[in-house]
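Chemist: Here's the letter readout for the chains.
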Amino acid sequence: MSGPDGIDERFGTLVGELRSEEQTASTELRERVRAIAARGPEPPATTRRDRFPRRRLALVLVPVCALVAVAVGAGLLTSGSSTPSRRAFDTLMPGKTSGSGGSSQHGAAFQGVTKPPAIRSLPVVKSPYTGPQQPGLNAYALQDTPAPSGSRHQLYTADLRLRVSDLSATTKQAIRLTRGWGGYVISVDYGSAQKAGEAYLVVRVPIAKVQTAVARLTALGSIVADHVSIQDVQNQLNHRYSRMQALRVKITKLRGKLTDQSLTQSQREFFQAAIAQNQAALVNLEQQQQSQMTRTSFATVSLDLQTKKAAAVPPPSGPGRIGQALSDIGHVLLVEAEVLLYVLLIGAPFVILGVLLWLSRRTLRRRSEDELLAR
Amino acid sequence: MPATLTRRSQIDFAAVCEENLDGVFGYLLYLTGNRAVAEDLTAETFERALRRLRRFDPRRGTAKAWLLTLARSTALDHFRSEQRRRKREGTYALLDAEAVESDVFGHTYSPALEAALRSLSAGEREVVALRVLLDLDGETAARLLGISPTACSTRLHRALQKLEEKVRDDVRA
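These protein sequence lines map, in sequence, to chains L and F. Residues in the first sequence are numbered from 1 upward in steps of one, following the working numbering. Residues in the second sequence are numbered from 376 upward in steps of one, following the working numbering.
Worth double-checking, as some hints may not be accurate.
Mimicking EDC-like on lysine to aspartate or glutamate, the simulated pairs with C-alpha atoms at most 16 angstroms apart in a straight line are [as the list claims (entries may be wrong)]:
id, chain 1, residue 1, chain 2, residue 2
1, F, 462, L, 8
2, F, 537, L, 8
3, F, 541, L, 17
Source of the hints: derived by calculation from the structure; they are not laboratory data.
Could you build the full structure based on these sequences and the hints that come with them?
Modeler: Quick look at the structure:
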């Protein structure tokens, strides 16, 4: 049975006797404690900050603010779709793709290094074709299109995929422009009265005007994708020229031998055959040389024109700059969450170890206290 | 009306000291079994309380419970230093001297009760002091001792039983 204070009633007498003596501190002790209490300064009035100490707040707020700032910064940085920083961000984050293409190869082969072709995805430049009379250059394309070398022979190829509003008018305009630059059309595939659908044309323009041509042609619509390939063939030409020169020298020497009167008939026939053979090889090389030089004097530009409905790539009409920024912020936050999770997984064993150490220390301390109080 | 330590209002530390002085002293007296040591530890407890006043949070318990916690920690520190000192000196002379002191716990206690209290361990006297003398409820006492309320209740029952047996044996003798 327990009493009202939870103590067994069997010990009622004992408890009563124990409580009969009121333990009071001596006067001397009372004075000592009063002196202590008297000299103690009153602690400052507490404010709301004391309930949420600044250090604790900072511990939570600083990392959170830093993460959010990084996310917002990255989002704003990358939301401007036509800015170079966007491309820099995409390069940093290989998994992130936009548009229809892959990684950028724009002008990479310009230094004479042949690289595998890659379709480059470009953000849509808001320069819709407004009519054949508009002669405006696409500043972005003009600036970004690599210039051909003036001193070396190069094979220059540009593939452009544009979204246009009027297929027929744009195709005609492209042909007209090409002819205006002194170029010509290799192939064209479109319906003459076709307003919507897809047209494909391949034109050749003088190499000196290729930058202007790319800029003007891209201005005919919105760029969906482009790819520029430059292959340096100067070394091939030089090598072929050396072979041609060597053949010329050889032919001259063989002709010199034919003037010798002491040659037998069979020897003479042999030298004549050799001259004919070398001359044929020389002619062949001269033709190849001429052909390649002609090819390098013109750039090949392929135009894939699509109207909105026919475009393989869905138009990125989506969220706009703010929406894009929010999307990017979300993406960066997701990456941060992944990093945090990773850190948590790595740090978990250490945290568990710390907790175990703390628990064992506490247990030892309790045991030590029990031993002290057991006497 | 009891003096309280609150964090928002002006703290009347002196009043709190005055109100809880006897309780803290009684607890320490039971814990140490030595009046002089208990007085020193009581003064030290209030010194500590003054230094740590800012850490006091009324939401976590009363001023009395807080002071008793400080008193317990002060006493344990004292026991540890005593233990180290005794180990170093290799003598228990002081312990023996403490044991022969009479009327430690109270002048009105019978000699049998006084002797029985002395025969209890510090831990047993501690729970008696908290639950019987200071009349703390089981939960508060258990929290102060760092054990569960059930363990606290068991410890008190055993201590009182032991005390009663000792008193009975002494009276018979």
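Chemist: Each of the hints needs a verdict: does it hold here or not?
Modeler: A quick look at each hint next to the structure:
1. F:462 - L:8: Violated - the C-alpha atoms of residue 8 (chain L) and residue 462 (chain F) are around 40 angstroms apart, more than 16 angstroms.
2. F:537 - L:8: holds (14 angstroms)
3. F:541 - L:17: holds (14 angstroms)
Violated hint for the displayed structure: number 1, the only one.
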